[in-house]
Amino acid sequence: MERGLNRREFLAYSASGVGTLGVASTGLGSLLEAQAQMAIVRWTGAAPASPREEQKVASQLTEKVLEALGGMRRFVKQGDVVWIKPNMAWDRTREQAANTHPDVVATLVRLCLDAGAKRVKVGDNPCDLAQKTYAVSGIAEAAKKAGAEVVYLDRERFREVNIKGERLKTIPIYPEIMEADVVINVPIAKHHRLATATLCMKNYMGVVEKRQLFHQDIPTSLADITRFMKPPVCILDCTRILLDHGPKGGRLEDVETKWTIAAGTDIVALDAFGAEMLRRKPEEIGSVKKGAEFGLGVMDYRKLNPKEITLS
Amino acid sequence: MKAGSVVLPRWVRRVVQVVFLILFLWVVLATWTTADQLPRDWPKVFFLADPLLLVLTGIAARDVPLLLLWSLVTVVVTVLFGRIFCGWICPLGTVHSLAGWAFDKVQSRAKRRDAYTGWQKAKYYLLIGGLAMALFGGHWISIFDPLVLLYRTVATAISPAFQWGVEQTAHSVFQADPHLGPLHLTSLSEPVYQFFRDHVFAIPKQAFLGAGLVWLVFGLMVAANGYRRRFWCRYLCPLGALLGLLARWPLLRRWVNAEGCNQCGLCTTACHGSSASGPGQGWRPSECLMCLNCSQVCARESCSFGLSMPWKKEPTLQPVGLSRRGLFWSALGGLAALAGMRATPQGRANVYYHPQLIRPPGARPEPEFLARCTGCGMCMKVCPTGGLQPAITEAGLEGIFTPRLVPLIGHCDYNCTACGHVCPTEAIRPLSLEEKHQIKIGLAAFDPTRCIPYVYGRNCIVCEEHCPVPDKAIYCVEQELKLRNGQNRTVLMPRVDPDKCIGCGVCEHVCPLDDQPGVRVLSTNETRHDRHQPLPPEVPGQEDLPYG
Chain E
273 MERGLNRREF
283 LAYSASGVGT
293 LGVASTGLGS
303 LLEAQAQMAI
313 VRWTGAAPAS
323 PREEQKVASQ
333 LTEKVLEALG
343 GMRRFVKQGD
353 VVWIKPNMAW
363 DRTREQAANT
373 HPDVVATLVR
383 LCLDAGAKRV
393 KVGDNPCDLA
403 QKTYAVSGIA
413 EAAKKAGAEV
423 VYLDRERFRE
433 VNIKGERLKT
443 IPIYPEIMEA
453 DVVINVPIAK
463 HHRLATATLC
473 MKNYMGVVEK
483 RQLFHQDIPT
493 SLADITRFMK
503 PPVCILDCTR
513 ILLDHGPKGG
523 RLEDVETKWT
533 IAAGTDIVAL
543 DAFGAEMLRR
553 KPEEIGSVKK
563 GAEFGLGVMD
573 YRKLNPKEIT
583 LS
Chain D
790 MKAGSVVLPR
800 WVRRVVQVVF
810 LILFLWVVLA
820 TWTTADQLPR
830 DWPKVFFLAD
840 PLLLVLTGIA
850 ARDVPLLLLW
860 SLVTVVVTVL
870 FGRIFCGWIC
880 PLGTVHSLAG
890 WAFDKVQSRA
900 KRRDAYTGWQ
910 KAKYYLLIGG
920 LAMALFGGHW
930 ISIFDPLVLL
940 YRTVATAISP
950 AFQWGVEQTA
960 HSVFQADPHL
970 GPLHLTSLSE
980 PVYQFFRDHV
990 FAIPKQAFLG
1000 AGLVWLVFGL
1010 MVAANGYRRR
1020 FWCRYLCPLG
1030 ALLGLLARWP
1040 LLRRWVNAEG
1050 CNQCGLCTTA
1060 CHGSSASGPG
1070 QGWRPSECLM
1080 CLNCSQVCAR
1090 ESCSFGLSMP
1100 WKKEPTLQPV
1110 GLSRRGLFWS
1120 ALGGLAALAG
1130 MRATPQGRAN
1140 VYYHPQLIRP
1150 PGARPEPEFL
1160 ARCTGCGMCM
1170 KVCPTGGLQP
1180 AITEAGLEGI
1190 FTPRLVPLIG
1200 HCDYNCTACG
1210 HVCPTEAIRP
1220 LSLEEKHQIK
1230 IGLAAFDPTR
1240 CIPYVYGRNC
1250 IVCEEHCPVP
1260 DKAIYCVEQE
1270 LKLRNGQNRT
1280 VLMPRVDPDK
1290 CIGCGVCEHV
1300 CPLDDQPGVR
1310 VLSTNETRHD
1320 RHQPLPPEVP
1330 GQEDLPYG
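These protein sequences, in sequence, are chains E and D.
In terms of our numbering, the first sequence has 416 at position 144, counting the first letter as 1, and numbering is strictly consecutive.
In terms of our numbering, the second sequence has 990 at position 201, counting the first letter as 1, and numbering is strictly consecutive.
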């Protein structure tokens, strides 16, 4: 985790043209042009009608959004161990929009490997039975095919960690995730009865055990865990979004297709964008407010001048 | 020695026995669900070869699951060749053979008195008592069927104990991480553990209520071999009794050459079933397990097995020896036992309903369920959450070891129908997913003296989040509370819609209060009992009517 923070600060410096070491590490290009902190890619072509077309659209969107941020190499270095953390919590199919789109995850796996990652692991601590959730969501198969290791979290192996939070003092976290060089957070945008919306910050509930306790104060708990995880980059999957009966969903009437993916280095801004996708105001989401208060990012994502791209 | 007969060496039988035992253990371990597929049929294979289940279910439930008709093969084999099933195939018989072999090492030969005794008729009378029970819907003695017994023992006692050992060792090594320089013990323990976790254990930390009782029964059964070899098979086994009755006139018979026999007694000492009343004489096919030991140990080659037509008088066969009076009293005893079991509230399951007796989805109404359930534990073994547990007291003595859902241990997974698909007697019907989603196995109720929002005035609703019914059986009502500092707070109070709740128990399972949850699921409103429906559905659109 320490490394992730250093790199991010480092990139921020180099982007503003202060760091001279940037030449060696991030290349000359980044010195000449400030790197984007956020990008939004929308598909405006015909809605994909088959799984094959879906795969094409989803992987194009994912590739484009990372390209807009400066490419996967900006976050993943040669020889890194990467943990990709999708929202893979429920025994629901991709049409039901309760889990991240499997093709988005698979594309990220491929991009990480192309960027030189030594190992890419994909895993989540699901709410439903892991064996079923991994399979029914379609993520396990897609990720494995793309070259990732699919990891089932072992309940006995969580370690109590002192995260020095405001609400959470210690919480059991999965060591393999903490030990990864980079953790890529890739949730789906969904309605949530208690949190109003579940987006990037809320996705970190899958790296811990005893998650039920978060519910007594979701905003602060999420800000605590997010501060600890220090996200280097998040990808918010809005290919399909769930507008009601979340986070588990199940009714297709509550699902809307958007074919949009946002990504960035500012988790609060991404969540604010996600809130708008779900037809909410960012201020309505407690964790967004709390995240901004904690200094984890900015609530008005437009301030970051996100690169907006349309594909068709 | 009779001309044309062959003496098989002993190892042939021993190998066959061990192969079937290993096959049985593998079948038990392989009973699990794969991610999105139904369990396969073949783990039932041993039960399908069991004619006792066919007879009992046929009489008690007056219906026979078609697959059980396979057991007619066992019937035919037994009628023709005697209790080959007992001596060669039955895995519990093999366990007793092994126990006897071990006792042989530590006990003196004199300890083995192996002439036939009249007490061996006990098993027939017990079987008759059980069949009499079956006439009135009592399937009870099936819990003593040897295959059922061993399946239950392996699935709910031995395998969880082994799993505990493997998991505990691996976790301890992982946490302590002992190493010698760059050599870590974990590089050995982890792959072993991962192999078991991914390919052998169905779910992590599987454990069953009442495993101690199962161990006790199994321990006693094995220990009894020290008193008489194969005690269980000789005196008690109901399946052995049934096969014994079928093996009255087998084609395969023991021949003793009276001129060659000097009554040394080697044959009786080696006999598994104590089927003869003395050295070289009085052979009872109903007691013979066809182990063929007598023909192998005979030093004078005077004892052998050969085929003989049923109408032939030679060699003579001793009868089973049941008396009419004994049959009468054992039948009456069975009925008295059944009446005794039903003299408790749990025994009147269609009148009194035990709140914690949540049967798996597809379970038949209680009397019909008990007329089929053997308590084998296949459904519990296959349950992907581990929530299906044996009932110890909840279903009375008649329902001991039958499955019930314990939501605190595991809930009923919304998209799973595994239990009904493995049940060998269809006590739990095989359901399609659409059918399953319509079935209520119980009803959730919030406990306002425990539930966090009600008692402590904080938001929680983990239960609502997990409720698998697509339009949510748990819903929330906003309530304004005054805190002790005078501030107001709006808290979401969860409620249950009894029309939508299916009783899966996930709410109870995920409740952060893991000792006594704030929401409990009880058997109220279970679909299988028409009279256990205290909350009839509301008429859509007329919810206001009674209150207007």
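Rather than coming from a laboratory, the hints here were simulated on the basis of the structure.
Given the structure is predicted, the values throughout are model-derived calculations rather than measurements.
Keep in mind that the hints are not guaranteed to be accurate.
Stated by the list, open to error - Selected chain D positions facing chain E (in silico; Cβ < 10 Å):
#, residue
1, R829
2, D830
3, P980
4, F984
5, D987
6, D1202
7, V1244
8, R1247
9, C1249
10, E1254
Glycine is no exception: its CB is placed at the ideal position from the N, C-alpha and C atoms.
Each hint, compared with the structure:
no. : hint  : result
1   : R829  : 16 Å, violated
2   : D830  : 20 Å, violated
3   : P980  : 14 Å, violated
4   : F984  : 14 Å, violated
5   : D987  : 8 Å, holds
6   : D1202 : 6 Å, holds
7   : V1244 : 12 Å, violated
8   : R1247 : 5 Å, holds
9   : C1249 : 5 Å, holds
10  : E1254 : 6 Å, holds
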